[in-house]
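Chemist: One letter stands for each residue in the lines below.
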Amino acid sequence: DVKVTQSSRYLVKRTGEKVFLECVQDMDHENMFWYRQDPGLGLRLIYFSYDVKMKEKGDIPEGYSVSREKKERFSLILESASTNQTSMYLCASSTSGRRGEQFFGPGTRLTVL
Amino acid sequence: AQSVTQLGSHVSVSEGALVLLRCNYSSSVPPYLFWYVQYPNQGLQLLLKYTSAATLVKGINGFEAEFKKSETSFHLTKPSAHMSDAAEYFCAVRPLNAGGTSYGKLTFGQGTILTVHP
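Chains as they are written, first to last, in my numbering: chain A, 1 to 113; chain P, 1001 to 1118.
In case anyone wonders, no lab produced these hints; they're calculated from the structure.
Take these hints with a grain of salt, some might be off.
Okay, derived cross-link-like pairs now, SDA-like style, lysine to any residue, Cα gap no bigger than 25 Å in a straight line [as the list claims (entries may be wrong)]:
id: 1; chain 1: A; residue 1: 13; chain 2: P; residue 2: 1042
id: 2; chain 1: A; residue 1: 3; chain 2: P; residue 2: 1040
id: 3; chain 1: A; residue 1: 3; chain 2: P; residue 2: 1055
id: 4; chain 1: P; residue 1: 1049; chain 2: A; residue 2: 13
id: 5; chain 1: A; residue 1: 3; chain 2: P; residue 2: 1028
Not the full set, but computed from the structure, chain A residues with beta-carbon under 8 Å of chain P [what the hints assert, rightly or not]:
id: 6; residue: 48
id: 7; residue: 94
id: 8; residue: 101
id: 9; residue: 102
id: 10; residue: 107
id: 11; residue: 111
Derived coverage of chain P by chain A (criterion: at least 3 residues anywhere in the stretch with Cβ under 8 Å from a Cβ of chain A; other residues may be distant) [stated by the list, open to error]:
id: 12; region: 1060 to 1066
id: 13; region: 1104 to 1117
Remember, predicted model here, so these are calculated numbers, not experimental data.
The beta-carbon is built from N, C-alpha and C at its ideal position, and this holds for glycine as well.
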């Protein structure tokens, strides 16, 4: 079974803090993704990576950065957390094949006070 | 750009009744389509996917979906709802001719919360 794990299920941070969200997958997938999920808005893509050290902006990259130093690990960074970044963050991975689905981690619910 | 519309943010059914969750896509080329389910406080789990083979796709937990090109739809159904089906459901689309640049990206609908009453 593909397993995608996220470093924290719940996280509480203060405005202005630097926040790291970590994601690890164990199936040697090329692609990895970070989404945020908000009620009524579905999942919105923040950033994705198609290879080590390669990244591309998604639909809502402002206020976020990412790092992929190893194939299995994809980190989301909030350089200076703000209250409007309070959300559920979901990580996913997939193969490079066109038919492959994305596999999701359990999510991190981040609250910024 | 491809998009997905899920009609109805909330759907409520009685246990044993038919479940119908609607999804329409916009694309000039029939895409790959997916349905995911999210149980409370969990990540998303794949229910089923359409990848241009059979138009009627069967998934897990008794769900199925039919791809209708003429209606640009991919509605999710289950003949008899169970209490354990209560969750949020997401339809997603990936362009068919993604080539080398889409990297498996998906565009998700806004989600439909399914409530099942005893």
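Chemist: Now tell me, hint by hint, if it's right for this structure.
Modeler: Status of the hints after comparison with the structure:
1. A/13 to P/1042: Holds - the C-alpha atoms of residue 1042 of chain P and residue 13 of chain A are around 21 Å apart, at most 25 Å.
2. A/3 to P/1040: holds, 19 Å
3. A/3 to P/1055: Distance ~29 Å between residue 3 of chain A and residue 1055 of chain P Cα, so the pair is violated.
4. P/1049 to A/13: violated, 37 Å
5. A/3 to P/1028: violated, 34 Å
6. 48: Since chain P brings a Cβ to about 6 Å from residue 48 of chain A, closer than 8 Å, the hint holds.
7. 94: Holds - the Cβ of residue 94 of chain A comes within 8 Å of chain P, reaching about 4 Å at its closest.
8. 101: Nearest chain P Cβ about 5 Å off; hint holds.
9. 102: The hint holds - residue 102 of chain A has a Cβ within 8 Å of chain P, the shortest such distance being about 6 Å.
10. 107: holds, 5 Å
11. 111: violated, 14 Å
12. 1060 to 1066: It is violated, with 0 qualifying residues against the three required.
13. 1104 to 1117: As far as the region 1104 to 1117 of chain P goes, the hint holds, because 7 residues have Cβ atoms under 8 Å from chain A.
Of the hints listed earlier, those the structure fails to meet are numbers 3, 4, 5, 11, 12, in rising order.
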